[in-house]
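Enquirer: Residues per chain, in single letters:
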Amino acid sequence: MPILEILDYAGVAVFAATGALSASRKQLDIIGHLFLASVTGIGGGTMRDVVLGATPVFWVTNPTYLLVCATVAVILFFTAHLFDSRYRVLVWLDAIGLAAYCVMGAAKGFAATGSAGVALVTGMLTATFGGILRDLLAGEPSVLLRPEVYVTAALIGAGAFVLATMAGLPLAAASTLGVLSAFVVRGGALKYGWTLPTGKALPGRDPDDVM
Amino acid sequence: MPILEILDYAGVAVFAATGALSASRKQLDIIGHLFLASVTGIGGGTMRDVVLGATPVFWVTNPTYLLVCATVAVILFFTAHLFDSRYRVLVWLDAIGLAAYCVMGAAKGFAATGSAGVALVTGMLTATFGGILRDLLAGEPSVLLRPEVYVTAALIGAGAFVLATMAGLPLAAASTLGVLSAFVVRGGALKYGWTLPTGKALPGRDPDDVM
Amino acid sequence: MPILEILDYAGVAVFAATGALSASRKQLDIIGHLFLASVTGIGGGTMRDVVLGATPVFWVTNPTYLLVCATVAVILFFTAHLFDSRYRVLVWLDAIGLAAYCVMGAAKGFAATGSAGVALVTGMLTATFGGILRDLLAGEPSVLLRPEVYVTAALIGAGAFVLATMAGLPLAAASTLGVLSAFVVRGGALKYGWTLPTGKALPGRDPDDVM
Numbered sequence: 001m002p003i004l005e006i007l008d009y010a011g012v013a014v015f016a017a018t019g020a021l022s023a024s025r026k027q028l029d030i031i032g033h034l035f036l037a038s039v040t041g042i043g044g045g046t047m048r049d050v051v052l053g054a055t056p057v058f059w060v061t062n063p064t065y066l067l068v069c070a071t072v073a074v075i076l077f078f079t080a081h082l083f084d085s086r087y088r089v090l091v092w093l094d095a096i097g098l099a100a101y102c103v104m105g106a107a108k109g110f111a112a113t114g115s116a117g118v119a120l121v122t123g124m125l126t127a128t129f130g131g132i133l134r135d136l137l138a139g140e141p142s143v144l145l146r147p148e149v150y151v152t153a154a155l156i157g158a159g160a161f162v163l164a165t166m167a168g169l170p171l172a173a174a175s176t177l178g179v180l181s182a183f184v185v186r187g188g189a190l191k192y193g194w195t196l197p198t199g200k201a202l203p204g205r206d207p208d209d210v211m
Numbered sequence: 001m002p003i004l005e006i007l008d009y010a011g012v013a014v015f016a017a018t019g020a021l022s023a024s025r026k027q028l029d030i031i032g033h034l035f036l037a038s039v040t041g042i043g044g045g046t047m048r049d050v051v052l053g054a055t056p057v058f059w060v061t062n063p064t065y066l067l068v069c070a071t072v073a074v075i076l077f078f079t080a081h082l083f084d085s086r087y088r089v090l091v092w093l094d095a096i097g098l099a100a101y102c103v104m105g106a107a108k109g110f111a112a113t114g115s116a117g118v119a120l121v122t123g124m125l126t127a128t129f130g131g132i133l134r135d136l137l138a139g140e141p142s143v144l145l146r147p148e149v150y151v152t153a154a155l156i157g158a159g160a161f162v163l164a165t166m167a168g169l170p171l172a173a174a175s176t177l178g179v180l181s182a183f184v185v186r187g188g189a190l191k192y193g194w195t196l197p198t199g200k201a202l203p204g205r206d207p208d209d210v211m
Numbered sequence: 001m002p003i004l005e006i007l008d009y010a011g012v013a014v015f016a017a018t019g020a021l022s023a024s025r026k027q028l029d030i031i032g033h034l035f036l037a038s039v040t041g042i043g044g045g046t047m048r049d050v051v052l053g054a055t056p057v058f059w060v061t062n063p064t065y066l067l068v069c070a071t072v073a074v075i076l077f078f079t080a081h082l083f084d085s086r087y088r089v090l091v092w093l094d095a096i097g098l099a100a101y102c103v104m105g106a107a108k109g110f111a112a113t114g115s116a117g118v119a120l121v122t123g124m125l126t127a128t129f130g131g132i133l134r135d136l137l138a139g140e141p142s143v144l145l146r147p148e149v150y151v152t153a154a155l156i157g158a159g160a161f162v163l164a165t166m167a168g169l170p171l172a173a174a175s176t177l178g179v180l181s182a183f184v185v186r187g188g189a190l191k192y193g194w195t196l197p198t199g200k201a202l203p204g205r206d207p208d209d210v211m
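Residue numbers (my numbering), protein chains in the order written: chain S, 1 to 211; chain X, 1 to 211; chain P, 1 to 211.
Here chain S stands alone, though its shape is the one from the complex (with noise of 0.2 angstroms):
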């Protein structure tokens, strides 16, 4: 199997598991693990077909996409109980998912358009968007708006993805040193808090004292 279709299973398989993790923690039923594993694991890269004029989209192409997601449904809806922190796991699982990701959304930007710009933001997109779908469906406070580094994260992947394509390294090297670069960064800030400076701005006030 090709790398960048190992990294497409992986990225679908372990936000799936994000996402029925999320669906437990909201005590919800199979059906609920079924929906928010599926939309958490295929949503991102739907995203990115469907921008890049990719359709049908890939798990419509390919079905066996969806079945990953359900088996991992199915398995977590009984045994999510086990872990001591399901959040933990979710969020080490997520990290997993967004450096896998971060680097197929690229590869396949970069592939369709050549153009360094969207395979940033098509690998940003990819990594990030089942996540963000999963926190809105859920309620869960979003990943984005929390301090340590997670966009960054799949936007270096993604950027060393590219540099390293351009470079001339073989499709496999590139991959691997993209998927280590995202990982790495996001794995740092989840154990060392790891945080950009925010600037100088001030907390925002509401809106009704300021119009």
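Read the hints as simulated data drawn from the structure, not as lab findings.
Don't take each hint at face value.
Reference excerpt, derived from the structure (chain X facing chain S, CB under 10 angstroms, subset only) [what the hints assert, rightly or not]:
no. : residue
1   : 27
2   : 54
3   : 122
4   : 145
5   : 151
6   : 155
In silico SDA-like pairs for lysine to any residue, Cα to Cα no more than 25 angstroms straight-line [claimed, not checked]:
no. : chain 1 : residue 1 : chain 2 : residue 2
7   : P       : 26        : S       : 188
8   : S       : 26        : X       : 190
9   : X       : 26        : P       : 191
10  : X       : 26        : P       : 197
11  : X       : 26        : S       : 141
12  : P       : 26        : S       : 10
13  : X       : 26        : P       : 136
14  : X       : 26        : X       : 78
15  : X       : 26        : X       : 111
16  : P       : 26        : X       : 140
17  : X       : 26        : P       : 30
18  : X       : 26        : P       : 189
19  : S       : 26        : S       : 67
20  : X       : 191       : X       : 63
21  : P       : 26        : P       : 78
22  : S       : 26        : P       : 141
23  : P       : 26        : S       : 192
24  : X       : 26        : X       : 74
25  : X       : 26        : P       : 82
26  : X       : 191       : X       : 92
27  : S       : 191       : P       : 78
28  : S       : 26        : X       : 74
29  : P       : 26        : S       : 135
30  : P       : 26        : P       : 140
31  : X       : 26        : P       : 146
32  : S       : 26        : X       : 187
33  : P       : 26        : S       : 190
34  : S       : 26        : S       : 71
35  : P       : 26        : P       : 136
36  : S       : 191       : S       : 10
37  : P       : 191       : P       : 146
38  : S       : 26        : X       : 194
39  : S       : 26        : S       : 114
40  : S       : 26        : S       : 136
C-beta atoms are modelled at their ideal positions from N, C-alpha and C, and glycine is treated no differently.
Assemble chains X and P onto chain S, guided by the hints.
Expert: This is chains X and P only, laid out in the frame that chain S set:
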């Protein structure tokens, strides 16, 4: 008019009505009614057409659907205060829309791909996406997180339609079977509080306590 | 540069600015600014292109739009604290973006289909979708639920453009008329608190009390 077209107009009209009722609950103006009615009415089918690559989407090809949404919104803007409980009307109309749209979505996905798995997912997405958008935009508690079966009903309706079609039943019979299955399940859930078991999972703790 | 292209860049730039200001209110880092600026700047136009089937979407075909978003985000990351009220700047820029984008969306929808109804809806969606995404992602109170006219202004701008085009006015005149109509209505609503009547509807009760 063929059965699938009837289901499509019915799905659009009743989902548009739930959007307008939601706008009424939020005391929005007439344009707010038009907006939420349109987004809810055409949101699910738009999502379906986009992932299947059937673009321009259905309401661009045939703007009559927009006229249906607008008419429903205007009528409800002037009459919504007459209902004793708009929320009760909203969830029952939503049940009808769910039943019509899960079959319509499954039919379009099955016709486009021949895959039962894809048909289940497009049925489920078409039936639920409009309502999810409505609840997100109006800031209502998402119907997804309520305990009664909801996505389940859409999945059962789509499944019944696909099984009946694969068994060789004519389109009208398979559609009727699918619509009735979904409506009975969702209606029973509303009336008798049917739920599925939620496994052994405990509720989620606050992210800041477990990281 | 033709008028529609100017409107497109203007819409992207000012919506990107509102996204960056929203990121600043939430004290996000520079990547958070880039992310929210991009999503807000290109969100509405992406939605427009997707429903019209005009894929790959505009910023994949022409990545200059991404550069505009990134430039705006970086500038505002370093300067947002200089404004006395970022929210006030945000809503006024949002008004300019709304005015530019409702005409741009209506023009593209009208050119693709010749239907005035479709043009109204693509104008409205293009103008409002970026801001809706921004508010959802940043957890701000949605501009949709505020009492001042908002969607209404987009609809009036799109309608003025379509009527003027159907009456035979040249593109530049019709565009200017549409932009001014939308901006005057939205600006008047912001400055003088213009609202539309909300009918006789009472506020919604809690779902658990009425089911």
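Enquirer: Please go over all the hints and tell whether each is borne out by the structure.
Expert: Checked hints:
1. 27: violated (17 angstroms)
2. 54: holds (8 angstroms)
3. 122: holds (8 angstroms)
4. 145: holds (6 angstroms)
5. 151: holds (5 angstroms)
6. 155: holds (6 angstroms)
7. 26(P) to 188(S): holds (23 angstroms)
8. 26(S) to 190(X): Roughly 20 angstroms separates the two Cα atoms, so the pair holds.
9. 26(X) to 191(P): holds (23 angstroms)
10. 26(X) to 197(P): holds (13 angstroms)
11. 26(X) to 141(S): holds (24 angstroms)
12. 26(P) to 10(S): At roughly 32 angstroms apart (the allowed maximum being 25 angstroms), residue 10(S) and residue 26(P) break the hint.
13. 26(X) to 136(P): holds (17 angstroms)
14. 26(X) to 78(X): The given pair, whose Cα atoms are some 15 angstroms apart, holds under the 25 angstroms limit.
15. 26(X) to 111(X): violated (39 angstroms)
16. 26(P) to 140(X): Since the Cα atoms of residue 26(P) and residue 140(X) sit roughly 23 angstroms apart, the hinted pair holds (cutoff 25 angstroms).
17. 26(X) to 30(P): Roughly 35 angstroms separates the two Cα atoms, so the pair is violated.
18. 26(X) to 189(P): Distance of about 19 angstroms is within 25 angstroms: holds.
19. 26(S) to 67(S): holds (23 angstroms)
20. 191(X) to 63(X): It is violated: about 36 angstroms lies between the C-alpha atoms, which goes past 25 angstroms.
21. 26(P) to 78(P): Measuring from Cα to Cα gives roughly 15 angstroms; hence the hint holds.
22. 26(S) to 141(P): holds (24 angstroms)
23. 26(P) to 192(S): holds (22 angstroms)
24. 26(X) to 74(X): OK: residue 26(X) and residue 74(X) at ~16 angstroms, within 25 angstroms.
25. 26(X) to 82(P): violated (36 angstroms)
26. 191(X) to 92(X): holds (10 angstroms)
27. 191(S) to 78(P): Given pair residue 191(S), residue 78(P) is violated - Cα atoms ~29 angstroms apart, limit 25 angstroms.
28. 26(S) to 74(X): Not satisfied, since the Cα-Cα distance of roughly 37 angstroms exceeds 25 angstroms.
29. 26(P) to 135(S): holds (17 angstroms)
30. 26(P) to 140(P): holds (9 angstroms)
31. 26(X) to 146(P): Roughly 10 angstroms between the alpha carbons, so the hint for residue 26(X) and residue 146(P) holds.
32. 26(S) to 187(X): holds (23 angstroms)
33. 26(P) to 190(S): Holds - the C-alpha atoms of residue 190(S) and residue 26(P) are around 20 angstroms apart, at most 25 angstroms.
34. 26(S) to 71(S): holds (20 angstroms)
35. 26(P) to 136(P): holds (13 angstroms)
36. 191(S) to 10(S): holds (22 angstroms)
37. 191(P) to 146(P): holds (14 angstroms)
38. 26(S) to 194(X): At roughly 18 angstroms apart (the allowed maximum being 25 angstroms), residue 194(X) and residue 26(S) satisfy the hint.
39. 26(S) to 114(S): Violated, at about 42 angstroms.
40. 26(S) to 136(S): holds (13 angstroms)
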